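Participant: Got chain E; can you put chain P on it based on the hints?
Number of protein chains: 2
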Amino acid sequence: MQLHFLGTGAGMPSKERNTSALMVKLLDEVSEMWLFDCGEATQHQILHTSLKPRKVTKIFITHLHGDHIFGLPGFLSSRSFQGGDEPLTIFGPSGLQQWIEQTLALSKTHLTYPLRFVEVQEGIIYEDAHFTIHAKELRHVVPCYGYRIEQKDLPGELLIDKAQALGVPKGPLLGQLKNGHDIVLENGDVVLAKDVVAPAKKGFTLSVLGDTKYCEEAIQLSMGADIIVHEATFDGTTTDLAASYGHATNVEAAKVAQQAGAHYLLLNHLSARFLPYDLPQFLAEAQGIFPNTFLTADQAVYTWQHNKLF
Amino acid sequence: MQLHFLGTGAGMPSKERNTSALMVKLLDEVSEMWLFDCGEATQHQILHTSLKPRKVTKIFITHLHGDHIFGLPGFLSSRSFQGGDEPLTIFGPSGLQQWIEQTLALSKTHLTYPLRFVEVQEGIIYEDAHFTIHAKELRHVVPCYGYRIEQKDLPGELLIDKAQALGVPKGPLLGQLKNGHDIVLENGDVVLAKDVVAPAKKGFTLSVLGDTKYCEEAIQLSMGADIIVHEATFDGTTTDLAASYGHATNVEAAKVAQQAGAHYLLLNHLSARFLPYDLPQFLAEAQGIFPNTFLTADQAVYTWQHNKLF
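Top line first, the protein sequences correspond to chains E and P.
Quick note: the first sequence uses the working numbering, first residue 1477, plus one each step.
Quick note: the second sequence uses the working numbering, first residue 1477, plus one each step.
Hints should not be assumed to be uniformly reliable.
The list treats identical chains as interchangeable, and a pair is accepted whether it falls inside one copy or across any two copies.
What the hints assert, rightly or not - DSS-like cross-link-like pairs, simulated, lysine-lysine; straight-line CA separation at most 27 Å:
no.	residue 1	residue 2
1	Lys1731	Lys1678
2	Lys1531	Lys1654
3	Lys1501	Lys1491
4	Lys1531	Lys1670
5	Lys1491	Lys1528
6	Lys1612	Lys1584
7	Lys1646	Lys1731
8	Lys1638	Lys1670
9	Lys1731	Lys1528
10	Lys1491	Lys1584
11	Lys1612	Lys1528
12	Lys1784	Lys1531
13	Lys1654	Lys1638
14	Lys1531	Lys1628
15	Lys1654	Lys1612
16	Lys1531	Lys1646
17	Lys1531	Lys1678
18	Lys1731	Lys1584
No wet-lab data here; the hints were simulated from the structure.
Fair warning: this is a prediction, and the values are worked out from it, not measured in the lab.
Chain E with its partners taken away, still in its complex shape (with noise of 0.2 Å):
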């Protein structure tokens, strides 16, 4: 799992942060990939990367703010010009799929590929072999969404050397034992899955938030999280300021991190008055709270492997 951000700003787009959009590249998961909010020019952003449109294949929108949304239409319209046919699902909350499909009428955009709308409310929006996906409410000025994307466990390897030596032949006896079931080979002697196949491995849980100020529901959705992505619109020198504006610090940030019993913390949104030489200051405040606090930046690319942020 790679996690590729392309837009990291707060409110209008800046020549060093353009607006929220974050790719999810679940491509040696599901071969797919998922992109949370879709502000302005998110387009542009992937025509600098490797990345495919027809890839994506869900959207998750957090809430309407311009910021977040107003890149969608050029997404749609474009991911259908170059040739997407598979279908694309947007989760978002109320009025979403109105706006899209007036704005796709409007301009007389024919797509190419199916789209699909979830009108995202709380509880468990989406959930396959692989994958369950919670919404929550956050507060913000505007209902907004945070998405918690749980991996299920992964079957653990069959050892076959293990399996060889106790007698197992090649062909599709392995293929039960790897599969979880306990078999009986010609001898009558029995073989155990647990015996041949190795733990299960973890999943990961991903917890992407939109824009809010601090709160218990960040915390809740976020509980046990290998990572949370987490707005910084603010710094600690303006809370109030924040969360009159239903936005968070760097610190609060941290806080929500630590009261989750987080891994890695990871913020974006940051605001524009932030200049590049604030942001050490910035930084070192959450990591005060939250070690494993690290800054986001347009085109920043983070891996997931053998449960570490890279």
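Facilitator: Okay, now just chain P, sitting in the frame of chain E:
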């Protein structure tokens, strides 16, 4: 007057050309800027210039395809963030106002300035002391307008030396002469305005066409224009294809300029199929018909001065 091309590509943005937007700078004339079309990421293109969104007082939309309008919500919103408080008027086809209003409402975007709409139909759509603007429907696959901006003639300069030689004293009589009124001096001498005021300076005529196939209407709208901005999505090898998509070729654009008796032709809205090394040939084909043809590029600026384009 300056033409600052912000986006000169067709359909999808590419690394080389963004979708359509042209800023017409009238700072010397009326201290305003007028924007023609506003593809996605027009505000991002502006970030790399010294152009100030709050100086934009009028936006003209040629048609409602996404590559001409998807940057509007973000531009309007950022103009507000940046403290714009001067009224802004959007001229565009039917349906645009409703979409903008729906989009601003959905995203809870509250503008700090009055936003007005003019639904464009053929004929004079704007007139003041300095300019007359005509709209004419072109031939595209959706309703699409071209705009003809005529600057009114500028009053000639007062030739002070000549006036003083004829005995006109400093003071209000000079102002009367400048305004075209003949005067009588204290000694009874008559001074004619035409003798001490230079001839009126001819205003410019600029024709900005939207997407269109080669058509009579483009020629009519551009008759005698100083500058025509014409799309050239295709080249002469695909003339039939161009027409079937409602687009024009480089050669057809040159024919429009020739038949309209224009002075300069600027080609924009180029397909990303044309690579940098194709462009000399692409330009030469048009210049074979209309020598004063230029290719536009993103961030190219043309200045109109002394009846010439630089």
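Participant: Reference check for the pair lysine 1491 and lysine 1528, CA-CA at most 27 Å: within, between, both, or neither?
Facilitator: Both ways: lysine 1491 and lysine 1528 sit 24 Å apart in one copy and 15 Å across, limit 27 Å.
Participant: When no copy is named, should lysine 1612 and lysine 1528 be tagged within, between, both, or neither for a Cα gap of at most 27 Å?
Facilitator: neither (29 Å within a copy, 40 Å between copies)
Participant: Have a look at lysine 1531 and lysine 1670 and pick one of within, between, both or neither, based on CA distance no larger than 27 Å.
Facilitator: neither (36 Å within a copy, 72 Å between copies)
Participant: Checking an output row: lysine 1531 and lysine 1654, CA cutoff 27 Å. Within, between, both or neither?
Facilitator: neither (30 Å within a copy, 68 Å between copies)
Participant: Pop the pair lysine 1491 and lysine 1584 into one bin, within, between, both or neither, using alpha-carbon distances up to 27 Å.
Facilitator: between (31 Å within a copy, 24 Å between copies)
Participant: Pop the pair lysine 1612 and lysine 1584 into one bin, within, between, both or neither, using alpha-carbon distances up to 27 Å.
Facilitator: between (35 Å within a copy, 21 Å between copies)
Participant: First find the shortest C-alpha distance between lysine 1531 and lysine 1628 inside one copy, then the shortest across copies, and answer within, between, both or neither for a cut-off of 27 Å.
Facilitator: within (21 Å within a copy, 54 Å between copies)
Participant: Under a CA distance limit of 27 Å, which applies to lysine 1654 and lysine 1638: within one copy, between copies, both, or neither?
Facilitator: within (12 Å within a copy, 104 Å between copies)
Participant: Between copies, within a copy, both or neither: which fits lysine 1531 and lysine 1646 at Cα up to 27 Å?
Facilitator: Neither: 36 Å inside a chain and 76 Å across chains, both beyond 27 Å.
Participant: Classify it for me, lysine 1501 with lysine 1491: is the Cα-Cα distance of at most 27 Å met within a copy, between copies, both or neither?
Facilitator: The answer is both: 25 Å in one copy and 23 Å across copies each meet 27 Å.
Participant: One pair to classify: lysine 1654 and lysine 1612, alpha carbons no more than 27 Å apart. Within, between, both, or neither?
Facilitator: Close neither inside one copy (36 Å) nor across copies (71 Å); limit 27 Å.
Participant: What label fits lysine 1731 with lysine 1678 when the C-alpha limit is 27 Å: within, between, both, or neither?
Facilitator: Intra 25 Å, inter 68 Å, cutoff 27 Å: intra-copy only.
In terms of the numbered hints stated before, the structure departs from hints 2, 4, 7, 9, 11, 15, 16, 18, listed from lowest to highest.
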